[in-house]
Amino acid sequence: MRLPSGSFHFDPRILSVGIFAVAAVLASLASTQAQQQTAATTQQSAAPIQSPPYPTVAPPPVQRTALNIVVLDPAHGGTDPGARGAQGIRESDLVLDLTFQVRRALEAQGFQVLQTRSGNENPSFDDRSTLANAQRGAVFVTLHISSTGLPGTARVYALPEMPGRAGLGGILAWDFAQASYVTLSRKFGDAVQGQLAQRFKGSPSAVQTASVRQLRTTAAPAIAVEISSVSVQDRSDLDKMMPGVADAIARGLAAFRPSYVLPSEAGAQP
Amino acid sequence: MNGRWRTWLLAGLCVVVVIAAVYFPKLKRKVKTSANIAQPSEEQVRRELTTPTPTNPSDPKVKAKMYWASDEDESTLAPISVDLALSPDPVLRAKQVLNTLLAGPVNSDLRTLPPDAALLAFYLLPDGTGVADFSAALAISTPSGIQSEQLAVDSIARTLEVNVPQVKRLKILIHGQEVDTLAGHLDLTQMFVVNTKAAQPSSLSIAVPMAPAASSAPSAPSAAAKSRQPQR
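From first to last, the protein sequence lines stand for chains A and B. For the first sequence, counting from 1, position 35 maps to 35 in this note's numbering; every step adds exactly one. For the second sequence, counting from 1, position 218 maps to 488 in this note's numbering; every step adds exactly one.
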């Protein structure tokens, strides 16, 4: 069969229509590709890898029952920067600076100070607690900078009551080590918070309760101090707060010192 | 035959041209907007799949209290009344209120939970323990800090307390797993007391066996447990 020659004649109109059609197909292809691109999500793994942690200061040989040791815990560190703000402010760096200032203020008051880290490491919660639990006559202070809250304020946290866990037959369960210290921790927290409230307007007047993981496994009067916040425009705003916070902790602890009684001393005899 | 074939082809292509002319501007706009719009995360897509909690229009509309951040002080919570058709079934009801809580208030500054977080499941155990399983976004997107993490958990607990009285204690899971902390601070291995009055009497016997130490430590400070300890 031979088609008439007329059927192969290409009309320029058909050509232009064809170009349009091809363009339409290409455009729809491009749009689906664009949608696919926008739909693709970049998932970031948030789980920080915990490097093998170790207390950076060797426990002292002196074993006295009166309150004489303070374990300072600069939170986060290593792969865990903690809260992050503008201008690359990292909680893990700031709390380390704060720790050194608190340390100086405490040593001036005659306390012996241990730190859970003094560099950019990230000990586990349990390792940090271990350092405090190995001491007698120690208190534990974990230091934090928050992501939220009124800038220029500071809060102290202690654990809420842990019913039914205190003194299981005289043995302290690791997971609830704080249970028998909750009342003491609150007293300690109130003393420090009172000092902070005098220095930083807008701070609460009494200790707050929160289930802070770090405090649960600590067998000593233990508090968390949190400063607001990494959202400040300039890092110097937080730096300016540090001497006040250090002084408040030192004075609060000095005020708390007389009411410090080891619960294990009182309840050791069955 | 030949002439007709050409006419059909021409007509067909004309139709294509018309469609393309209409579709082109639309497509252009679509590509532009989809480039601007924030990319929907995996969690958001999952949320779209999981959130439509069946609401029965015949359920009575009640004023449900949602605990979002307070207008005056964003570090505290304040209840806001929302008209919701809530199911009488406690599990369904808990899902409905938590999804409303996750959706956030009109003023998005006052939300307590990250917008991309989703409730994956909710279970209610016979003893009144509610188990809420949230997507990983809750842990990833909640701002790190004691205050912010407590605000998030408190808003969940308080909202459940006022709207679902059957829930007495709350356990929070992330993506089906028990995790150490919400975002580095707040302890999620423990249970949160939701209904303070109802949870107190039974918390002694219930909360301890559920705790991680249950396998190694005696489950309750009972007389029998005490007598097993060496008396020295």
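Hint data in this document are derived by calculation from the structure and do not stem from the laboratory. Mixed in with the good hints there might be a few duds.
Claimed, not checked - Subject to a maximum C-alpha distance of 20 Å in a straight line, what follows is the list of computed DMTMM-like cross-link-like pairs (lysine to aspartate or glutamate):
1. A/K201 x B/D343
2. B/K441 x B/D403
3. A/K201 x A/E161
4. A/K240 x A/D97
5. A/K201 x B/E344
6. B/K335 x B/D353
7. B/K441 x A/E161
8. A/K201 x B/D353
9. B/K441 x A/D247
10. B/K331 x B/E344
11. B/K335 x B/D359
12. B/K333 x B/D359
To be verified - Here's a subset of chain A near chain B, in silico, CB distances under 8 Å, partners left out:
13. H76
14. T79
15. G82
16. Q87
17. S147
18. R155
19. Y157
20. S205
21. A206
22. A210
23. A224
Backbone N, C-alpha and C fix where the C-beta goes; we use that ideal spot for every residue, glycine too.
Can you list which hints this structure breaks, lowest number first? 3, 8, 9, 10, 14, 16, 20, 21
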